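One letter stands for each residue in the lines below.
There are 2 protein chains.
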Amino acid sequence: MKPGIILCTLLAINFSVCAGDNDSLAIRKIANEILGSNKAYANLEYLCKKIGPRLSGSANASKAIAWGVSALKAAGADTVYLQPCMVKHWERGGKETGFVRTREGLRQLKLSALGNSVGTGPGGILAPVIEVKSFAELDSLGEKNIKGKIVFYNYPMNPLLINTFEAYGDAVRYRSSGPSNAAKYGAVGVMVRSQASNTDQHPHTGVTFYNGAFPKIPAVSISTAEANWLSELLQHKDVLEAGFITHCKMENDTLSYNVIGEIKGSKFPGEIITVGGHLDSWDLAEGAQDDGAGCVQSIEVIRALIATGLRPDRTVRAVLFMNEENGAGGAQAYFDSAIAKKENHIFALESDAGGFTPRGFSITADAARFHRMEKWLPLFLPYGLYYFKEGESGVDIGFLEKAGAALAGLEPDSQRYFDLHHAENDVFEAVSKRELELGAINMAALVWLVSKYGLN
Amino acid sequence: MKPGIILCTLLAINFSVCAGDNDSLAIRKIANEILGSNKAYANLEYLCKKIGPRLSGSANASKAIAWGVSALKAAGADTVYLQPCMVKHWERGGKETGFVRTREGLRQLKLSALGNSVGTGPGGILAPVIEVKSFAELDSLGEKNIKGKIVFYNYPMNPLLINTFEAYGDAVRYRSSGPSNAAKYGAVGVMVRSQASNTDQHPHTGVTFYNGAFPKIPAVSISTAEANWLSELLQHKDVLEAGFITHCKMENDTLSYNVIGEIKGSKFPGEIITVGGHLDSWDLAEGAQDDGAGCVQSIEVIRALIATGLRPDRTVRAVLFMNEENGAGGAQAYFDSAIAKKENHIFALESDAGGFTPRGFSITADAARFHRMEKWLPLFLPYGLYYFKEGESGVDIGFLEKAGAALAGLEPDSQRYFDLHHAENDVFEAVSKRELELGAINMAALVWLVSKYGLN
Chain A
1 MKPGIILCTL LAINFSVCAG DNDSLAIRKI ANEILGSNKA YANLEYLCKK IGPRLSGSAN
61 ASKAIAWGVS ALKAAGADTV YLQPCMVKHW ERGGKETGFV RTREGLRQLK LSALGNSVGT
121 GPGGILAPVI EVKSFAELDS LGEKNIKGKI VFYNYPMNPL LINTFEAYGD AVRYRSSGPS
181 NAAKYGAVGV MVRSQASNTD QHPHTGVTFY NGAFPKIPAV SISTAEANWL SELLQHKDVL
241 EAGFITHCKM ENDTLSYNVI GEIKGSKFPG EIITVGGHLD SWDLAEGAQD DGAGCVQSIE
301 VIRALIATGL RPDRTVRAVL FMNEENGAGG AQAYFDSAIA KKENHIFALE SDAGGFTPRG
361 FSITADAARF HRMEKWLPLF LPYGLYYFKE GESGVDIGFL EKAGAALAGL EPDSQRYFDL
421 HHAENDVFEA VSKRELELGA INMAALVWLV SKYGLN
Chain B
1 MKPGIILCTL LAINFSVCAG DNDSLAIRKI ANEILGSNKA YANLEYLCKK IGPRLSGSAN
61 ASKAIAWGVS ALKAAGADTV YLQPCMVKHW ERGGKETGFV RTREGLRQLK LSALGNSVGT
121 GPGGILAPVI EVKSFAELDS LGEKNIKGKI VFYNYPMNPL LINTFEAYGD AVRYRSSGPS
181 NAAKYGAVGV MVRSQASNTD QHPHTGVTFY NGAFPKIPAV SISTAEANWL SELLQHKDVL
241 EAGFITHCKM ENDTLSYNVI GEIKGSKFPG EIITVGGHLD SWDLAEGAQD DGAGCVQSIE
301 VIRALIATGL RPDRTVRAVL FMNEENGAGG AQAYFDSAIA KKENHIFALE SDAGGFTPRG
361 FSITADAARF HRMEKWLPLF LPYGLYYFKE GESGVDIGFL EKAGAALAGL EPDSQRYFDL
421 HHAENDVFEA VSKRELELGA INMAALVWLV SKYGLN
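Order-wise, the sequence lines are chains A and B. Note that my numbering gives residue 178 to position 178 of the first sequence, counting from 1, and the numbers run on in steps of one. Note that my numbering gives residue 242 to position 242 of the second sequence, counting from 1, and the numbers run on in steps of one.
Since the hints were derived computationally from the structure, they do not count as laboratory data. Among the hints, erroneous ones may be present.
Calculated pairs, SDA-like style, for lysine to any residue (alpha carbon to alpha carbon, straight line, at most 20 Å) [as the list claims (entries may be wrong)]: (1) K389(B) / L381(A); (2) K49(B) / D200(A); (3) K49(A) / D200(B); (4) K389(B) / P382(A); (5) K133(B) / G36(A); (6) K29(A) / A167(B); (7) K452(B) / E343(B); (8) K389(A) / P382(B); (9) K49(A) / F428(A); (10) K133(A) / Y185(A); (11) K29(B) / L160(A).
Note that the structure is predicted; figures quoted are calculated from it, not measured.
Using the sequences provided together with the hints, build the complete structure.
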């Protein structure tokens with residue numbers, strides 16, 4: 001017996017909308033097209049290896065935009081165009097330097113400025129370090145212990161949580177709010193343990209948000225391995241001081257673009273289905289899993305529909321969003337345009353959790369539309385996707401809820417994502433061709449079903 | 001809503017045996033122990049990096065046996081012992097040399113002798129090459145086209161099959177039977193396209209079986225990338241000859257050992273549950289996914305039960321089997337001993353499909369025992385395992401069906417396994433700590449449930 005059969009039997013109780021054979025055959029055609037081609041993987045290789053890091057506002061982001069246009073044209077989209085958006089423009093401005101001074105001398109620290117953070121200036125920061133395990137501990141230490149020091153937040157991702165996104169959601173507040181919370185008590189700088197689920201030598205970056213009520217202080221992340229090492233030293237009171245120099249700064253907001261490729265719906269062209277990922281990436285890495293994968297999967301949805309001759313009844317739009325990482329300017333522009341043009345957005349699907357083997361869809365919709373989609377589940381089981389759950393979809397399509405769209409986020413297996421998220425090891429080689437393709441198959445299948453049946 | 005909840009609701013219909021809260025709490029304790037410790041991963045690192053390749057009969061296999069004893073003792077097993085077994089002993093005898101002669105000159109081929117194959121002798125083989133896409137094509141070519149040549153089997157794994165084990169099962173006959181089938185028509189040697197689901201430069205080895213009716217001819221595998229390249233050259237009739245030298249030979253069968261660690265059952269010590277993987281590996285690689293993962297997971301089952309104080313009612317035995325790769329001597333010895341001692345084997349679980357993120361269990365049992373286990377499914381859903389299907393379990397425990405045991409094989413996600421199976425890239429770094437641990441959790445949970453409830 002196959003897993004599909006077990007679950008199908010159980011699901012047969014409320015399995016009515018799914019037309020069965022014809023849809024199953026259409027999805028099999030899509031799957032054969034995607035698995036039998038090397039296109040998604042070749043696209044990802046090009047984006048990662050020929051372009052590479054592509055933070056909003058950078059020269060590489062412009063190259064990625066040009067690449068996106070040609071990739072969507074090659075995929076067979078009817079119309080390919082750029083959608084202007086204003087984006088945050090943060091520059092690292094050169095490699096950071098960091099060290100710890102112990103009784104034995106200096107030891108180098110590998111670190112990364114947090115995204116959108118201020119630099120130290122050329123003179124850097126040199127100050128005593130105080131380790132803090134939680135905001136509660138920070139508050140109890142207060143100004144008398146914190147003032148003039150570098151706060152080292154050493155809060156690990158909780159390994160006991162099975163879904164690593166939950167552990168990330170719990171830990172990431174030390175990166176996003178840690179600098180301002182420390183500045184409140186007079187800290188001069190912040191070092192944050194990377195939000196990573198493994199122990200290695202890579203610092204993970206990511207955006208931080210300053211609270212305007214307090215001074216903007218420089219902030220960096222250090223790797224989990226170095227966080228463990230530093231904590232050990234501090235326990236033995238062997239650290240005299242730490243220092244770092246960062247060169248980063250926020251430039252003015254910059255004009256950039258979302259890249260959009262469309263297949264016009266043959267029966268209901270005014271009903272729009274969006275499928276997307278984000279084109280920008282952090283500057284440390286190739287942005288392969290985050291989110292080159294989501295981009296090439298979205299392009300692959302277009303390509304597979306065209307290549308199989310499965311012309312959609314409703315309009316399908318692949319969107320490569322700009323500026324997800326540090327501003328969501330692209331998401332805002334896409335939403336603003338939808339409202340301004342009074343577009344009818346019925347559904348949006350995002351892939352921004354990596355190109356790992358797919359497991360489910362997380363759905364934001366009312367109960368009626370949720371159940372309509374959930375009834376299609378048996379069609380997905382042969383491709384390794386076995387649940388629809390209610391939950392969040394993704395940053396880039398989130399605004400579209402207000403435009404009336406039902407939203408979905410692809411949920412791949414989460415175990416490896418935070419080994420490389422926002423770090424220099426997020427490279428093409430970390431993506432499995434077949435896992436990437438399985439994600440694209442399930443995305444294309446859901447887009448196809450919505451394009452055929454709608455959601456009402 | 002969580003995926004577990006959706007499926008639990010659906011499964012509630014026939015969900016009666018599963019005691020629910022207590023079992024769920026016991027499994028959560030097991031999970032916390034495994035996820036909160038680094039032990040499985042540290043064991044795997046030691047086995048891969050300090051010992052490495054460990055083909056049956058080799059000096060490294062002996063080191064691995066000694067390591068297995070100490071690891072099972074450290075895990076807390078009551079009794080740890082060696083079980084003698086006679087194993088095949090094949091030696092590669094030095095790195096192979098291969099080349100293709102074209103009009104432009106010689107081009108080196110990277111190749112690997114097939115396991116258990118004969119060597120070429122020091123003079124090697126030099127002969128024209130004929131590409132064959134299937135056994136049907138081989139038969140139609142016949143002796144007049146094959147005699148005196150090297151047959152190049154270029155049959156890829158079918159990328160359209162979602163479960164890569166199905167594609168492997170389809171393609172592996174060219175490795176296992178290809179040499180003898182070609183020898184039947186007078187071929188002097190065989191080159192086989194690696195059974196790999198990706199395109200890269202690593203030849204994958206694996207066992208071949210000679211048919212006593214025909215001469216034993218030397219046989220090697222080449223990488224998928226070089227198979228594509230060679231096929232291209234042959235289409236342009238640009239290959240004049242190919243040659244290779246292999247130094248391998250079969251030695252006499254050798255005495256070796258399974259390593260066994262046991263927790264005696266507190267209520268029904270005579271009812272035996274086996275959980276195992278295989279300790280031997282091919283000589284090209286560290287044998288991390290195949291099957292260091294299964295070994296350290298099996299040891300982790302013992303360790304987690306002891307560390308959590310979940311003393312099993314029935315006897316739980318972790319077995320590190322020897323010689324799975326090229327003879328199954330360990331599996332035979334374990335079975336023979338079970339029969340000779342009239343042991344009561346109620347259940348055996350094998351992990352030999354890699355330490356990837358778990359998806360299901362494949363079960364060999366009658367309907368009653370299958371359904372008994374299947375009703376436990378809701379307990380596994382929080383840990384990413386969502387199906388029990390009827391199917392094969394594994395080579396090392398397969399014999400135990402004849403001893404009356406119900407069998408299960410852990411089915412991890414299959415997408416990446418054949419990128420590295422039997423090849424030099426099957427190294428420690430290819431294993432995700434969390435994926436490995438999730439597999440161990442699901443294994444320990446199933447062992448725990450059978451140890452508590454039995455299967456009758």
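We went through each hint and held it up to the structure:
no.: 1; hint: K389(B) / L381(A); in the structure: holds, 13 Å
no.: 2; hint: K49(B) / D200(A); in the structure: holds, 17 Å
no.: 3; hint: K49(A) / D200(B); in the structure: holds, 17 Å
no.: 4; hint: K389(B) / P382(A); in the structure: holds, 13 Å
no.: 5; hint: K133(B) / G36(A); in the structure: holds, 18 Å
no.: 6; hint: K29(A) / A167(B); in the structure: holds, 18 Å
no.: 7; hint: K452(B) / E343(B); in the structure: holds, 19 Å
no.: 8; hint: K389(A) / P382(B); in the structure: holds, 13 Å
no.: 9; hint: K49(A) / F428(A); in the structure: holds, 7 Å
no.: 10; hint: K133(A) / Y185(A); in the structure: holds, 16 Å
no.: 11; hint: K29(B) / L160(A); in the structure: holds, 10 Å
When each numbered hint is compared with the structure, no violation occurs for any of them.
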